[in-house]
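Colleague: What follows is each chain in one-letter form.
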Amino acid sequence: MTTLKKDIVVIGGGPAGYIAAIKAARLGADVLLAEENQVGGTCLNRGCIPTKYYAQSAHTILSLAEASFRGIKVADPTVTIDMKQALAGKNKTVRKLTSGVQGLLKQAGVTVVNQRATVTKDKGVRLQDGTMIESGAVIVATGSQSVRIPVEGIDSPLVLDSDRFLDLDHVPKRLAVIGGGVIGVEFAAIYQAFGSKVTIIEAQPNILPMFDKQAVETVAAVLRKRGITIHVSSEVLRIDTKGKEASVVLANGTSVDADLILLAVGRKSNLCCIDGDASLKTDRGRIVTDETGMTSHSGIYAAGDVTGRKLLAHAAYQMGETVAHNACVDTRIINAPKKKFCLDIVPSVVYSIPEVASVGLTEEEASAIYDTVVGKFPLSANGRALSGGEPDGFVKVVADKKYGQILGVCCVGMFASEIINEAAMAMRHELTVHEVAETVHGHPTVSEALKEAAAMCIGQCYHWSS
Amino acid sequence: MAEAVIMPKTGMAMEEGVIIEWLKREGDEIAVGDVLAQIETDKSTMDLESDASGTLLKLVYEAGTTVPVTLPIAWIGKKGEKIPETVSEANPVQEVAKVVEAIPEPIPQAMGISTGKILATPAAKRAASERKIDLATVTPSGKWGEVVQKDVLSASPRVTPLAARIAQDKHLNLQDVTGSGHGGKIYAKDIKSEDSGEFTRLPLTNIQKITGKRMLESVLTIPMVTENIKVDMTRLLELKQAILDESKVKASVNDFVIKAVAKALRKHPRMNSMFDGDALIQKHDINIGMAVATDRGLLVPVIRRADALTLSSLVEKTKTTIERAREGKLTMEELTGSTFSISNVGMFGITAFTPIINPPEAGILGVCTIEKVPRIVDGALTERSIMTLSLTFDHRIVDGAESAQFLQSVVSLLEHPLQLMV
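Heads up: the sequence lines are chains X and D, in that order.
Using our numbering, the first residue of the first sequence is number 1, and each one after it goes up by one.
Using our numbering, the first residue of the second sequence is number 467, and each one after it goes up by one.
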């Protein structure tokens with residue numbers, strides 16, 4: 001049995017793992033990264049990037065539909081999507097990005113092994129081929145996977161999770177989406193544009209339950225207008241499959257017929273690497289860490305989805321950087337104080353067409369703690385959004401009355417996913433509504449709505465009177 | 467048009483200033499806030515900061531020259547620009563406006579105690595107002611503790627807008643706060659700990675900070691001794707009442723003590739001296755510093771030439787001075803130049819204490835409460851009004867015997883108060 005010696009071993013090559021490996025290597029550590037599949041993790045291979053590839057295709061289809069209103073005459077107005085070609089295009093983009101990550105890892109001098117790895121009792125790491133690796137620190141970044149619900153008929157071949165859905169080479173006629181969270185709503189919006197008759201089934205009283213109520217109402221209204229059926233407060237009783245058709249039977253007796261069912265009810269930590277002997281402390285299936293990312297075993301860190309903290313690639317980057325720094329401190333590669341996770345201001349985006357993006361507290365959460373003031377600027381009064389044909393949506397700024405501290409921002413509509421970063425920047429560096437309102441924004445841009453909403457909080461919005 | 471750099475007027479009494487040294491040369495590029503020269507006024511030397519930016523076109527006077535205030539001493543403008551030949555060409559109205567701006571801030575000197583206002587150069591004030599920075603949050607680097615422009619400029623990225631608002635609202639002084647951001651930038655969480663559930667951290671006023679610093683310095687550098695002595699104030703109180711009844715002059719015990727101390731200092735000039743390494747500097751004027759508690763901190767206004775004042779003019783002077791101190795209206799002149807101080811805590815019933823010397827003075831006299839006590843006078847038991855005086859002195863300047871003799875003189879004057887009237 002071979003034994004390797006490394007400073008730091010990273011298990012998992014997703015956003016948390018690859019960033020941790022690159023950072024630790026750049027700090028001077030001898031790093032080994034074990035990834036059983038392709039580097040890039042869920043984000044690049046099975047999540048953010050592939051869905052954004054399809055979301056852009058959906059946008060294009062929807063804008064073609066709008067083209068005639070702009071006087072653009074298309075001779076044959078039938079629009080269809082060739083899913084085989086779409087799939088190939090999506091895979092090409094994914095490959096480009098994953099090979100980019102491979103390049104970055106190589107440049108940083110990280111040893112990448114394409115194997116499953118397991119943490120052993122004595123804090124060592126064992127590779128699939130039996131190789132043992134001794135190291136000063138281990139970083140567990142094994143990510144997450146879709147969860148299944150214990151419902152009768154869930155094992156039907158017509159029920160797919162998001163991973164498998166992204167490899168579809170055809171568009172189902174009727175698509176039932178179980179779960180109205182971020183993943184479910186994104187797929188629903190995409191496949192509606194691709195031509196499916198989509199039904200969303202959500203157990204909670206609202207789709208996108210973590211987001212601002214008004215934002216969700218706006219999105220739901222647009223999705224419904226486009227032909228998506230949304231069942232809320234609806235529990236799935238069972239799934240009946242007959243050949244190539246299935247029906248999702250809801251607790252209220254309604255039955256949703258579908259050719260394919262997307263199961264998008266959430267994700268759980270991927271604990272395969274600690275199945276062995278390490279017995280790391282877990283809580284509801286997530287690896288427990290302190291604020292520095294340290295698990296119940298000193299010398300073993302965890303970062304990203306596996307911690308269950310915030311299941312977002314950009315949160316994973318932050319955690320990955322933090323644990324890499326701390327692991328380098330432990331292994332005396334650098335001499336510095338340890339860092340803590342900094343996840344209080346992390347934007348989250350739904351590419352739901354229209355997009356929804358938020359950062360910080362929702363209006364409801366904020367008003368429970370602070371004396372708040374709200375500025376909500378509608379995109380119907382924004383020149384860029386109007387000329388872009390996307391007047392649905394708004395930018396909402398929730399601030400505390402006393403100091404004008406920005407407590408939360410929520411955007412719905414055109415470019416929401418980009419605008420939210422400006423809000424996150426302002427919040428991270430404690431700019432108040434006064435400074436945001438004072439900042440000259442380019443015109444015409446959708447971002448102006450952020451400035452206007454901030455100005456509204458201090459009674460200085462001159463493009464809207466509420 | 468080229469802008470004139472004028473000889474600043476830094477105090478009401480300042481009529482001219484001396485250019486000690488030019489720190490920039492003709493042709494140098496000048497930024498706003500750059501120190502152009504060192505100027506000596508009647509009281510101090512100060513850095514002359516530029517209000518303008520551009521090329522230093524001309525130095526009108528050489529170093530060493532005495533120039534009346536408000537006259538142009540240098541010109542700044544665009545390279546090659548023509549300089550006005552006369553002052554009138556240089557838009558004198560504008561210059562006068564600048565002078566007014568330079569006047570109101572007195573410079574704290576020997577006493578080192580300010581009136582509670584933040585001292586700042588005009589350029590610093592302008593920069594602070596432009597950037598909405600509270601001057602109180604800026605660490606001053608000026609020679610006299612004044613905030614200069616570069617302090618404001620370097621302070622501006624140190625605090626987030628939110629933290630600045632919270633600090634302003636809670637009157638927090640951010641000078642000693644360690645920021646957790648890049649370059650020590652202060653975030654809201656860094657100052658929130660100041661108001662934890664367990665305690666509230668009250669920031670000090672400028673007066674309190676300066677007083678604290680000077681008191682510590684005094685205790686650490688001066689070998690101090692305190693002597694207590696009892697004074698029979700019975701006759702003085704009778705006299706005080708008689709004066710009130712007969713001449714309507716309402717003198718306080720403190721006024722009599724000031725008078726007695728001033729008279730005694732004339733007799734014991736070493737108590738009116740300051741220690742200067744290998745010599746004593748004996749002050750000719752007797753200027754009594756009078757500690758006054760205000761809501762912004764302890765102030766020590768000065769009664770000048772107290773020995774030369776009649777009782778009625780002394781009474782008037784102390785009364786108005788105390789009022790002005792409490793209203794924060796004292797000028798720098800009224801706060802500087804004392805040669806001996808008095809601190810009266812008698813109204814609080816204090817029977818003895820150890821006052822701390824107000825450097826660089828030789829001593830400070832603590833005045834305590836008057837108690838009615840039984841005493842034997844001429845073999846008979848009588849009620850007398852007895853007061854304790856607590857004298858702290860610098861043992862480098864006087865020794866225990868000399869200081870005791872000074873105390874005896876004060877006691878004698880207070881016990882034979884008619885001597886104070888002549």
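Since the hints were derived computationally from the structure, they do not count as laboratory data.
Check before you lean on any hint, since a few could be wrong.
As the list claims (entries may be wrong) - Derived pair list, reagent style DSS-like, types lysine-lysine, alpha-carbon separation capped at 27 Å:
no.: 1; chain 1: X; residue 1: Lys402; chain 2: D; residue 2: Lys651
no.: 2; chain 1: X; residue 1: Lys402; chain 2: D; residue 2: Lys591
no.: 3; chain 1: D; residue 1: Lys616; chain 2: X; residue 2: Lys340
no.: 4; chain 1: D; residue 1: Lys636; chain 2: X; residue 2: Lys339
no.: 5; chain 1: D; residue 1: Lys636; chain 2: X; residue 2: Lys402
no.: 6; chain 1: D; residue 1: Lys545; chain 2: X; residue 2: Lys402
no.: 7; chain 1: D; residue 1: Lys651; chain 2: X; residue 2: Lys401
no.: 8; chain 1: D; residue 1: Lys658; chain 2: X; residue 2: Lys401
no.: 9; chain 1: D; residue 1: Lys655; chain 2: X; residue 2: Lys310
no.: 10; chain 1: X; residue 1: Lys340; chain 2: D; residue 2: Lys651
no.: 11; chain 1: X; residue 1: Lys401; chain 2: D; residue 2: Lys729
no.: 12; chain 1: D; residue 1: Lys658; chain 2: X; residue 2: Lys338
no.: 13; chain 1: D; residue 1: Lys658; chain 2: X; residue 2: Lys402
no.: 14; chain 1: D; residue 1: Lys591; chain 2: X; residue 2: Lys340
To be verified - Label pairs and their computed distance ranges (CB to CB):
no.: 15; chain 1: D; residue 1: Gly546; chain 2: X; residue 2: Ile72; range: 55 to 65 Å
no.: 16; chain 1: D; residue 1: Lys544; chain 2: X; residue 2: Val440; range: 49 to 59 Å
no.: 17; chain 1: D; residue 1: Gly546; chain 2: X; residue 2: Val440; range: 47 to 57 Å
no.: 18; chain 1: X; residue 1: Gly285; chain 2: D; residue 2: Lys658; range: 28 to 38 Å
no.: 19; chain 1: X; residue 1: Glu365; chain 2: D; residue 2: Leu682; range: 14 to 24 Å
no.: 20; chain 1: X; residue 1: Val346; chain 2: D; residue 2: Arg792; range: 46 to 56 Å
no.: 21; chain 1: D; residue 1: Glu793; chain 2: X; residue 2: Val440; range: 26 to 36 Å
We put the beta carbon where it would ideally sit given N, CA and C, even for glycine.
Colleague: Take the hints in turn and mark each one as holding or not.
Modeller: Comparing the hints with the structure gives:
1. A hinted pair counts as satisfied when its Cα atoms are at most 27 Å apart, and X:Lys402 with D:Lys651 qualifies at roughly 22 Å.
2. Restraint check: the Cα-Cα separation between X:Lys402 and D:Lys591 comes to about 26 Å, which is no more than 27 Å; the hinted pair holds.
3. For a cut-off of 27 Å, the pair hint linking D:Lys616 to X:Lys340 is broken: about 34 Å separates their Cα positions.
4. Of the supplied pair hints, the one linking D:Lys636 and X:Lys339 is violated, its CA atoms being roughly 30 Å apart against a limit of 27 Å.
5. For the given pair, D:Lys636 sits about 12 Å from X:Lys402 by alpha-carbon distance, which is consistent with the 27 Å threshold.
6. Simply put, D:Lys545 and X:Lys402 have alpha-carbon atoms about 49 Å apart, too far for the 27 Å limit, and the pair is violated.
7. Between D:Lys651 and X:Lys401, the direct Cα distance comes to roughly 24 Å. Compliance with the 27 Å bound is thereby established for this hinted pair.
8. For the given pair, D:Lys658 sits about 17 Å from X:Lys401 by alpha-carbon distance, which is consistent with the 27 Å threshold.
9. Taking the CA atoms of D:Lys655 and X:Lys310, the gap is about 22 Å. The hint holds against a cut of 27 Å.
10. Proposed proximity of X:Lys340 and D:Lys651 is supported: the alpha carbons are some 18 Å apart, at most 27 Å.
11. For the hint pairing X:Lys401 with D:Lys729, the CA-to-CA distance comes to about 62 Å; that exceeds 27 Å, so the pair is violated.
12. Of the supplied pair hints, the one linking D:Lys658 and X:Lys338 holds, its CA atoms being roughly 22 Å apart against a limit of 27 Å.
13. Pair hint D:Lys658 plus X:Lys402 holds up; C-alpha atoms about 15 Å apart against a cutoff of 27 Å.
14. A C-alpha spacing of about 39 Å is found between D:Lys591 and X:Lys340, which places the hinted pair above 27 Å, so the restraint is violated.
15. Between D:Gly546 and X:Ile72 the beta carbons are some 60 Å apart, a value that agrees with the proposed interval 55 to 65 Å.
16. The beta-carbon spacing between D:Lys544 and X:Val440, approximately 29 Å, falls outside the hinted interval of 49 to 59 Å.
17. Between D:Gly546 and X:Val440 the C-beta distance comes to about 35 Å, which lies outside the given range of 47 to 57 Å.
18. For X:Gly285 paired with D:Lys658, a C-beta distance near 35 Å keeps the hint of 28 to 38 Å intact.
19. For the hinted restraint 14 to 24 Å between X:Glu365 and D:Leu682, the CB-CB distance of approximately 48 Å leaves it violated.
20. Against the hinted window of 46 to 56 Å, the Cβ-Cβ separation of X:Val346 and D:Arg792 comes to about 54 Å, which satisfies the hint.
21. Between D:Glu793 and X:Val440, the C-beta spacing of about 45 Å breaks the proposed range 26 to 36 Å.
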